[in-house]
Amino acid sequence: SLLIKALTCMMFFTFAMTTDAVGSIIPTLLAEFDLSLRAASAFHYVPMIAIAVGALALGFLADRVGRKVTIVGYGSQGHAHALNLQDSGVKVTVALRKGGASWNKAKNAKLQVKDIPDAVKGADIVMILLPDEHHAQIYRDYIEPNIKKGAALAFAHGFNIHYGQIQPRPDLDVFMVAP
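So in the numbering used here, the last one in the sequence shown is 179, and the numbering has no gaps at all.
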């Protein structure tokens, strides 16, 4: 949303200001206006306080308003990740085959459940938590054509990336969250 983007820009602007404050603004203030270190340091601490407030507010907002996470699979790892994220206030969707054995389990856990292509569309983070032998085919057929540009692709281990079973597009970030 526009609000999230504006707040994020303000946060990064404030962060840039702290670097400039220490490196060039404070020394210039000291020299030009004959300020004490205590008076000039306010130009450093005010942006630092703004960064802290921004980080607290934006992290909260990003998880509840902006960031969308899709967990592909609802087995031993998928259900744990999905429920943990949901309990933490993150907007999480579980991606499953329509009519699959886990569909009702995820629904009964009060999770949003969609078929894989629909769940992947619009997600900021897509985490594949299926049995290894299904990763490559599910990625190729359902995830790769639907994952948005600039999204992140996550795994619980590196097998499919290391052995080239999945070769993500260059615009995707890839990371691992391993137990």
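What the hints contain is simulated information worked out from the structure, not anything from laboratory work. Check before you lean on any hint, since a few could be wrong.
[What the hints assert, rightly or not] With a straight-line cut-off of 30 Å between C-alpha atoms, the simulated DSS-like cross-links for lysine-lysine are:
(1) LYS110 <-> LYS121
(2) LYS98 <-> LYS149
(3) LYS114 <-> LYS149
[Unchecked claim] Okay, the calculated beta carbon distance ranges per label pair:
(4) VAL177 <-> ASP118: 19 to 25 Å
(5) LEU30 <-> TYR163: 32 to 38 Å
(6) ASN108 <-> ALA6: 24 to 30 Å
(7) GLY99 <-> GLU144: 30 to 36 Å
(8) SER88 <-> VAL174: 38 to 44 Å
(9) LEU3 <-> GLN137: 45 to 51 Å
(10) ASP173 <-> GLN137: 47 to 53 Å
(11) LEU2 <-> ALA136: 23 to 29 Å
(12) VAL177 <-> GLN112: 47 to 53 Å
Using N, Cα and C, we set each Cβ at its ideal position, and we do this for glycine too.
Is 47 to 53 Å right for how far apart the beta carbons of VAL177 and GLN112 are? With Cβ atoms ~20 Å apart, the hint is violated.
Check the following: the C-beta atoms of LEU30 and TYR163 are separated by a distance inside 32 to 38 Å. Taking Cβ atoms as reference, LEU30 and TYR163 lie about 58 Å apart, which means the hint is violated.
Given the hint of 19 to 25 Å, is the C-beta distance from VAL177 to ASP118 inside that range or not? holds, 23 Å
Assessment of proposed distance window 45 to 51 Å (beta carbons of LEU3, GLN137): At 39 Å between Cβs, range violated.
Return holds or violated for the Cβ distance of SER88 and VAL174 against the range 38 to 44 Å. The hint (38 to 44 Å, Cβ to Cβ) is violated, given that SER88 and VAL174 are roughly 22 Å apart.
GLY99 paired with GLU144, Cβ distance criterion 30 to 36 Å: violated, 23 Å
Quick one, are LYS110 and LYS121 close enough, alpha carbons at most 30 Å? Holds - the C-alpha atoms of LYS121 and LYS110 are around 21 Å apart, at most 30 Å.
Taking the CB of ASP173 and the CB of GLN137, does the distance hold inside 47 to 53 Å? violated, 22 Å
Does LYS98 pair with LYS149 here, judged by a C-alpha cut-off of 30 Å? Holds, at about 25 Å.
Cβ distance range 23 to 29 Å for LEU2 and ALA136, holds or violated: For LEU2 and ALA136 the Cβ distance comes to about 38 Å; the hint is violated.
Range hint compliance [Cβ, ASN108 to ALA6, 24 to 30 Å]: Hint violated: Cβ distance 39 Å, outside 24 to 30 Å.
Taking only the CA atoms, is the gap from LYS114 to LYS149 under or equal to 30 Å? Since the Cα atoms of LYS114 and LYS149 sit roughly 20 Å apart, the hinted pair holds (cutoff 30 Å).
In summary, the structure is inconsistent with hints 5, 6, 7, 8, 9, 10, 11, 12 from the numbered list given earlier, while agreeing with the others.
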